[in-house]
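Got chain H sorted already, so can you dock chains R and L onto it with the hints?
Listed below are the residues making up each chain.
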Amino acid sequence: MAERVAIVATGQTRHTAKRLDVNLRELITEAVTRALEDADLRIQDIDAVFLGNMEPFEGFMFPELWSVEGWGGYGKPAIKFNTGGTVGTTTTMAAYYYLAAGLYETVLAIGFEKQSEGHTQAAITTVGDPIWERTMMAGAVGNFAVMASTYVHESGVTPEQAAKVAVKARRNACNNEYAHLQMPNITVEEVMQSQMLAHPIRKLDMCPQSDGAVAMVLASEAKAKKLASRPAWIKAVATAHEQQYMGDSPKRLAIMRSQVTASQKVYKAAGIANPRKDLDVAEIYEVATYAEMAMYENLGFCERGQGGVLIDQGVTSMEGELPVNPSGGVLSANPIGATAMIRVAEAALQVMGKAGKRQVPNVHTALATGYGGNAWTDALILSSR
Amino acid sequence: MMGRVVIVGAVQTRYEPRKAHQAINELVYEVVAGLLKQTGVRMQEIDSMVTASQDAWDGKTISSMSVNEVVGAYLKSEAKVAADGIQALIYGAARILAGAFDYTLIVAHCKESEGQPDEITKVMFDPFCERPLGLNDAVAAGLQARRYISVAGIDSRALALVSQKNHRSAKRNPLAQRSGDYSLDEILAAPSFADPLTELMAGPRSDGACALLLASAEKAAAFGDRAVCIAGMGNSTDSYWTDRDLSEAEALRQAAQRAYTKAGISPDQVDVAEISARYAHEELLYGEALGLWKREELSALLAEKNPLRKRTKVNPSGGPITGNPTTVAGLARVAEGYLQLAQLAGDRQVPGAQVAVAHGASGVCGQSQSVVILRRGNA
Amino acid sequence: MVSVQKVEAVKEALRVPFRMKLEFDYAMGAHAERFFHALRDHARILGVKCPACKRVYVPPRPVCGICFVETRDWGEVSDEGTLVGCTVVDLPFIDPMTGERRPVPYGFAIIRLDGADTAMYHFLEETDPKRMYVGQRVKAVFREQRTGSLQDILHFRAVQG
Chain H
24 MAERVAIVAT GQTRHTAKRL DVNLRELITE AVTRALEDAD LRIQDIDAVF LGNMEPFEGF
84 MFPELWSVEG WGGYGKPAIK FNTGGTVGTT TTMAAYYYLA AGLYETVLAI GFEKQSEGHT
144 QAAITTVGDP IWERTMMAGA VGNFAVMAST YVHESGVTPE QAAKVAVKAR RNACNNEYAH
204 LQMPNITVEE VMQSQMLAHP IRKLDMCPQS DGAVAMVLAS EAKAKKLASR PAWIKAVATA
264 HEQQYMGDSP KRLAIMRSQV TASQKVYKAA GIANPRKDLD VAEIYEVATY AEMAMYENLG
324 FCERGQGGVL IDQGVTSMEG ELPVNPSGGV LSANPIGATA MIRVAEAALQ VMGKAGKRQV
384 PNVHTALATG YGGNAWTDAL ILSSR
Chain R
21 MMGRVVIVGA VQTRYEPRKA HQAINELVYE VVAGLLKQTG VRMQEIDSMV TASQDAWDGK
81 TISSMSVNEV VGAYLKSEAK VAADGIQALI YGAARILAGA FDYTLIVAHC KESEGQPDEI
141 TKVMFDPFCE RPLGLNDAVA AGLQARRYIS VAGIDSRALA LVSQKNHRSA KRNPLAQRSG
201 DYSLDEILAA PSFADPLTEL MAGPRSDGAC ALLLASAEKA AAFGDRAVCI AGMGNSTDSY
261 WTDRDLSEAE ALRQAAQRAY TKAGISPDQV DVAEISARYA HEELLYGEAL GLWKREELSA
321 LLAEKNPLRK RTKVNPSGGP ITGNPTTVAG LARVAEGYLQ LAQLAGDRQV PGAQVAVAHG
381 ASGVCGQSQS VVILRRGNA
Chain L
152 MVSVQKVEAV KEALRVPFRM KLEFDYAMGA HAERFFHALR DHARILGVKC PACKRVYVPP
212 RPVCGICFVE TRDWGEVSDE GTLVGCTVVD LPFIDPMTGE RRPVPYGFAI IRLDGADTAM
272 YHFLEETDPK RMYVGQRVKA VFREQRTGSL QDILHFRAVQ G
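Taken in sequence, the protein lines are chains H, R and L.
Numbering follows our numbering, with no gaps: position 39 of the first sequence is 62.
Numbering follows our numbering, with no gaps: position 359 of the second sequence is 379.
Numbering follows our numbering, with no gaps: position 50 of the third sequence is 201.
All clues stand as given, with none of them false.
Footprint (simulated), chain R over chain L, 3 or more residues, beta carbon under 8 angstroms:
1. 168-180
2. 212-226
With a cut-off of at most 27 angstroms between alpha-carbon atoms, the simulated BS3-like pairs for lysine-lysine come out as follows:
3. H/300 <-> H/288
4. H/300 <-> H/380
5. H/274 <-> H/291
6. R/239 <-> R/57
7. L/290 <-> L/200
8. H/274 <-> L/290
9. H/274 <-> L/281
10. R/282 <-> R/314
11. H/274 <-> L/205
12. H/288 <-> R/239
13. H/41 <-> L/162
14. L/200 <-> H/274
15. H/300 <-> H/258
16. R/191 <-> R/325
17. H/41 <-> H/380
18. H/41 <-> L/172
19. H/258 <-> H/291
20. R/57 <-> L/200
21. R/239 <-> H/291
22. R/239 <-> H/258
23. H/249 <-> H/377
24. H/226 <-> L/281
25. R/57 <-> L/205
26. H/248 <-> H/258
The set of hints was computed from the structure by calculation and includes no laboratory data.
Keep in mind that this is a model prediction, so the values were computed, not measured.
All C-beta atoms, glycine included, are put in the ideal place defined by N, C-alpha and C.
With the rest of the complex left out, here is chain H (with noise of 0.2 angstroms):
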């Protein structure tokens, strides 16, 4: 039998455009930092330490080796992943299979990630195939625009419900004193009025690009029981791929085979039938308004075509029967290599009742989910049983 693994401490940055007072290295620090802080121990009490990052983003390879100082690496085994979107969720479920192999006791998994220091733009445009995509690429917001009028198509979304979601995350990022985009009087008709990126998204549509860094301590049954009261047990993991290029997907976000496979195995480990109803919260890795509501169908919140009917009816705000995203989701904040993980740590919080202002009342089942490359999907169902 596998190890239960729970997740006991998190630590976050203050995540923002350009941190200018501190490096790479030092930014990292403050994540670990505060995680350490959070679970009471010392570095000396980390058995192994897991990294995600996407280095192209600062023009770096093994940026993770430079900042060995920064996380406490000398002497520790250490491995990195870069996966993209996903990289936060690909490393925090790496933590938890050597955990759960009985490999380690007590971990730090991390994602980092400075954008404000390389090329975001292109360092997007080079995850198009070289052969065939890159000379089309537009960034991501060009690509996101493509799948968004397929989505609009097919469920008859509106300007309006996506700007709804664009409010939704601003205002509860709001509670959020990690978040990046922070718009206490955000309105739908700002979100209508803002630039036109690409039809239909306009800038309020998009994520911001940020820099900052996340820090988790995961453990091993016996050292969760010690190291927290009520830690995050993990009790499900999936990732599922798409084909190899970006117009291999049927209908790409508005039928993410990828998204709908992850996210009914983890159901079924987790002997979830209804995720509306048996998650109490979700922290999602949306990247733009009308993915939200396109992965609120592929994630079974609710029937095809019905995502816009849910950000209309309330469901997933705050007060909702299923709060999506209390942290401002990537919306409000997208350090790349930290993103996924964010969602992660914050679906902790809310297990642990540490969320602060975000908590939602009375979470004991969570999910979160990593999304990047061509449709990459990662999940996982946090619990506090």
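This is chains R and L only, laid out in the frame that chain H set:
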């Protein structure tokens, strides 16, 4: 002791200076298809994949996107390690030990020919103090080699002996990129790579890929002698290269100790060691850290008819000095160790090999170190 | 003794500029080469079929990811197809192949060619979002001078469905 994960197959491409006829997905498909053929396992039985590649070398953000489909990851769980493939193998073993998967496919690829190595390796270095000086992998290797031979009290002739031995061994390895009977004078007189290393003391730029299949103990029985046990694994991280003594490999010592302890094996039981030594001095430094010899024995061991052959046969494949791309090199060491213990190593077979040590490293002057210990049989 | 002082907060926020030289020379491989020969020499678009599920793949590739069966039969697909998704990009954008700023606005779409089961990205001649829609019929406009790259297709133009 671990003993719950086995390797049931390993396939490498030929290593070549430039595989101009293959795109990366075709290169990787070659080893994956070869592995399925070798093991008789169908892709439908494999639900887990861990790959290794580097965005900077591939010139592509999220380099694994080029290979997800050809490693069979459609709707399945693949993760990409941005380090040497030996780390992917260790993670893959953890996935099986966790009871999550019966099989895990491990693949590493790199085409060093497609980018500009001296520019690419520049971005491993400190952006504030070092990049302005134009440091790259070659310069760092030269600095380390000089430091090492000075402290160890040997000369560049010792480095030439390592090169000579490996290029001779590589004659028996049909996958090797460079092999031959070089004289010591030829090696010493070759064009300078980064003093004191000559071009024949440094692995050539290379294209290639490597794939292994891991299986749970339950699945192992069906593979008979073709299942080789992963007896121990260890990894450790050193300080950044300017913060440590480059004539030592402390992280490797730590990684090796962890692996030997888990395996319940001591260095004097090792029959074959496959060491990731792209540069000649690394084989001497890393062999010492793996406990295969002591530094004071070096001069005597190098003077033997079979240099460095105490008990353990070191790099019967020829090793990375004969041509293995970065990222693939360490995983290829595990593949070679596997082939030896499964008695599939052909002309380079070490007779009766029971225990093999495979080593991989990542980062500037081997900052991240990994060791995998293999034992014949699936017990 | 060295006196221990806490580091002060930054005043100037000094930075080090670094330019990464990113020059690559990608091997196309056998599948792309066959495709681009046909495109360059005959203005034809080829796909390759999975013998198991019969899906026709454009871009061509060694293996069908769904069946994990090697692809085999090659055939021509149409130069006409349907928009799966479309947009007009207004955000100024650096062309990764040239380093030059690409003029905006431009039409950008994902297109499924008749006879293919997968879709691919390309540009649209149209730059007005009101005059493009998912499901619209389009046709490839080939360049006169073709060199063996996807840019041998200038863009796709709307046609009467």
